[in-house]
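2 protein chains.
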Amino acid sequence: MTEPFTLAIDAMGGDAAPDIVVAGLELGAERHPSARFLLVGDETRLGPLLARYKRAAAACTVQHTTEVIAGDLKPTAALRVRNSSMRLAIDAVAGERAFGVVSAGNTGALLALAKIVIKTLPGIDRPAMAAISPSARGDIVMLDLGANVSCDARNLVEFAIMGDVFARTVLGLTAPTIGLLNVGSEELKGDDRIRLAAETLRNSHIASQFHGFVEGHDIAGGAVDVIVTDGFTGNVALKTGEGALKLIGGMLRQVFSASIAAKLAYLLARPGLERLREWLDPRRYNGAVLIGLKGVVVKSHGGTDAIGFAHAVDVAMDMVVHRFNDRIREGLLRIGDTTPAVAVAVPQS
Amino acid sequence: MTEPFTLAIDAMGGDAAPDIVVAGLELGAERHPSARFLLVGDETRLGPLLARYKRAAAACTVQHTTEVIAGDLKPTAALRVRNSSMRLAIDAVAGERAFGVVSAGNTGALLALAKIVIKTLPGIDRPAMAAISPSARGDIVMLDLGANVSCDARNLVEFAIMGDVFARTVLGLTAPTIGLLNVGSEELKGDDRIRLAAETLRNSHIASQFHGFVEGHDIAGGAVDVIVTDGFTGNVALKTGEGALKLIGGMLRQVFSASIAAKLAYLLARPGLERLREWLDPRRYNGAVLIGLKGVVVKSHGGTDAIGFAHAVDVAMDMVVHRFNDRIREGLLRIGDTTPAVAVAVPQS
Chain A
1 MTEPFTLAID
11 AMGGDAAPDI
21 VVAGLELGAE
31 RHPSARFLLV
41 GDETRLGPLL
51 ARYKRAAAAC
61 TVQHTTEVIA
71 GDLKPTAALR
81 VRNSSMRLAI
91 DAVAGERAFG
101 VVSAGNTGAL
111 LALAKIVIKT
121 LPGIDRPAMA
131 AISPSARGDI
141 VMLDLGANVS
151 CDARNLVEFA
161 IMGDVFARTV
171 LGLTAPTIGL
181 LNVGSEELKG
191 DDRIRLAAET
201 LRNSHIASQF
211 HGFVEGHDIA
221 GGAVDVIVTD
231 GFTGNVALKT
241 GEGALKLIGG
251 MLRQVFSASI
261 AAKLAYLLAR
271 PGLERLREWL
281 DPRRYNGAVL
291 IGLKGVVVKS
301 HGGTDAIGFA
311 HAVDVAMDMV
321 VHRFNDRIRE
331 GLLRIGDTTP
341 AVAVAVPQS
Chain B
350 MTEPFTLAID
360 AMGGDAAPDI
370 VVAGLELGAE
380 RHPSARFLLV
390 GDETRLGPLL
400 ARYKRAAAAC
410 TVQHTTEVIA
420 GDLKPTAALR
430 VRNSSMRLAI
440 DAVAGERAFG
450 VVSAGNTGAL
460 LALAKIVIKT
470 LPGIDRPAMA
480 AISPSARGDI
490 VMLDLGANVS
500 CDARNLVEFA
510 IMGDVFARTV
520 LGLTAPTIGL
530 LNVGSEELKG
540 DDRIRLAAET
550 LRNSHIASQF
560 HGFVEGHDIA
570 GGAVDVIVTD
580 GFTGNVALKT
590 GEGALKLIGG
600 MLRQVFSASI
610 AAKLAYLLAR
620 PGLERLREWL
630 DPRRYNGAVL
640 IGLKGVVVKS
650 HGGTDAIGFA
660 HAVDVAMDMV
670 VHRFNDRIRE
680 GLLRIGDTTP
690 AVAVAVPQS
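The listed protein sequences derive, respectively, from chains A and B.
Each step along the first sequence adds one to the number in our numbering, with nothing skipped, and position 286 is 286.
Position in the second sequence (first residue = 1) + 349 = our numbering.
Same shape as in the complex, but just chain A (with noise of 0.2 Å):
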C-alpha cells in the first residue's frame, strides 16, 4: 500500500453528490488527521469544491471519472460498467491503492462489485451488512441489514463472529454480548437453520457472550450489544424500528407546536428533547459497513448529508485503524478450531 490510512471515496454517488461528499471530507479530514482520500469523480464537479473546502483538498487525489452508477441501475448492470467512479473506487481496494471504501450510491451495485472485486475474506461465506443502532443500552451492532436475502445457518454463525469483532472495534467493547433473533425467546423457537445456528454458537468459542434469542423489543430494548439475524428480516428491522422513530417525532412535533402552551413547554424542555433528537439522529447511525471482504467498505445512506457522509467515514477510518479485517480472520480461525462440530453440521461450510 502507498499511505497507511488511505480511504477511496466514490464522490458521485448519492442524492446530494459530490457537494456533501466533499463537506463530508472537510469534516473527517479534521477528525482523521492521517487519513488521505483518493476521490473518484468527475473532476470538473470536483475542483471548484475542493477550491472551497481546503482541509479536504489537502487529504484528497482526485482520480477522474464521467461515469456514474444511476441509482436504480441492477447491479448486474453495474457489474459492465468498467469506469464508474463506484467501480474506480473499489478497484483502488482490490489493488491496494486503498485500504477501504466509502459510497453513498446504489447499495445493490455497491454490493455486487465489492463482493466481485474485492472477494471475501478466507473462510466467509457471505459477507453481511452492519450497523450501529440506538438502544435502551446505548449504542448496539445489528447485522445483516440486508445484503443477503436468504441465510442458512453458516452464515448466521459467520454474521456473530464478524459481529463480535465490529463491537469490539466500533463500539470499544470487551466482550460483547451477542443474540439471536428469532420469533421467541424459548430454545425451540425459530425454524432449523435458526436453531441450529444457536447450537453452533452455543458450542463456539463466543459461547460465553451468546446470549440465546432475542426478539424484536430487544433491539430498542438493548438487551444484547449485538443483534444476529439474515438481510431480509435485518433489513425490515432496522427500517421499521427507524419509520416508529419518526412517526413518533413528527406527532411530538405536532403536539409541541399545537398551542402556545405547548410551544413553551417546548421551550422548557428543550435543553433534553435537543438531547434526545441528537442521540436518535440518523446521520450518527449512518455508515453501514460491508463486512467480511477483504477491504473495509462502508455504505453510506444516499439522502445523508455531510455531518451524515463524515460518520460513514469516521466508521470506515475506525475500521482501518484497528485492523478489523485481521481480528476477524483470528475469530474465523479460531471457531474453525475449537468448534469442528460446525464444519459437520451445516453442509456448506
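By construction, these hints were calculated from the structure, which means they are not laboratory data.
Source: prediction; values computed, not measured.
Just so you know, even glycine gets a beta-carbon here, dropped at the ideal spot from N, CA and C.
There are no misleading hints in this set.
Here chain B is said to cover these stretches of chain A; the calculated rule only asks that three of the stretch's residues, wherever they fall, bring their Cβ under 8 Å from a Cβ of chain B: (1) 146-154; (2) 186-195; (3) 227-235; (4) 239-247; (5) 250-257; (6) 263-270.
Take the given structure of chain A and dock chain B to it, following the hints.
Only chain B this time, still in chain A's reference frame:
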C-alpha cells in the same frame, strides 16, 4: 348455534387470569349488550369475581374445569391436555356452541389447538395472525404476526386476501390498499417467493388495491392499509416497532422529569402528550386475530389488563357481527375464479 353472539372465553389464560379476564368482560358486556360469554375455567375462582362484576355475571355462563395450559407448555404437549380451559373454549367453537374464542394464554398452544380442533376454512392452506397497528395514516392491519415461521407465495397471497377482508371488517375501509413487505420497493427486490406472490396479486381481483412492495419504514409511515408478510418477519417487525416506541416513551419520561422546568413543560404540553400516549397505548391494539379458521379466534396479549382484554373482545365481536369468515370465503372464491394462473404458478394450491 344456540346463541347468535356467543363467545367462548378462556378464563384462565394470561399472566393475571382470571381476574383481568372477568374485569375485561365487565367492560365487554357493557359495550356489546347482545354478547353472551361461555366462560371456561375454575368456578371456585370465577364465582367470587362474577359476584363482583355484575354485568359480566349477567352475560356469562361458566363451564367448569381446573386444568390450565401453562405459558411455557410446548404446543405438542398442549394438544394432549383434553380438559384445559383453552381446549374446552376452542371445543365450544368447533361444536358450534360459540362463534369465536378469546384467550390470553400460550400462543403456540392456541395456534396448534385452533388449527387442529377448529380447522382451516376450505381453500386456506394456513391461518395467519393479524392485528391492528398505529401509523401516520391511522390504524393499519399487519399479518402474519407469527403463526407461520416460513411461508410460500400461496400463503402470502392468501394472507393478502384475508388482510383485505380484515381491514374492511375491523377498520371499516371500502378498498384497503395492500403492500407486500420487502427489502426494497423495486419489482426485482426480495426472493422468488415474494416476487411470485406480487405477480399473483397483480393479476388478482384485488389488483387495484395492491400497492406492490413496501419497506419497514412504510409500516409506521402508513404507506398502505394492509401489510402482508411471513410470520417470522411480521413477528420481528411488530415487536421491533413496539420496542422503538417503548424506548422513546422511556426517554421522554426521563426528559420530562429531569428538572423543575421540564416538569412544568410536561404540565403545559400534557393534553397533547396524553392524546399521543393514548393513541399509542398497546392496549388499544390488543387482540391478534387468527384468521383463516372456521371460527373466530382472538389472542389477547398475556400481560394485558382488563382494558386490553376488553379490546380483544371488541375485535372478536367485530368479526362475528360482520360475518368475517363468510367474506373471506367469498374472497377466496373470487381469486380462484379470476386468476387460474395462481394454481399453476403456485404448486401447493
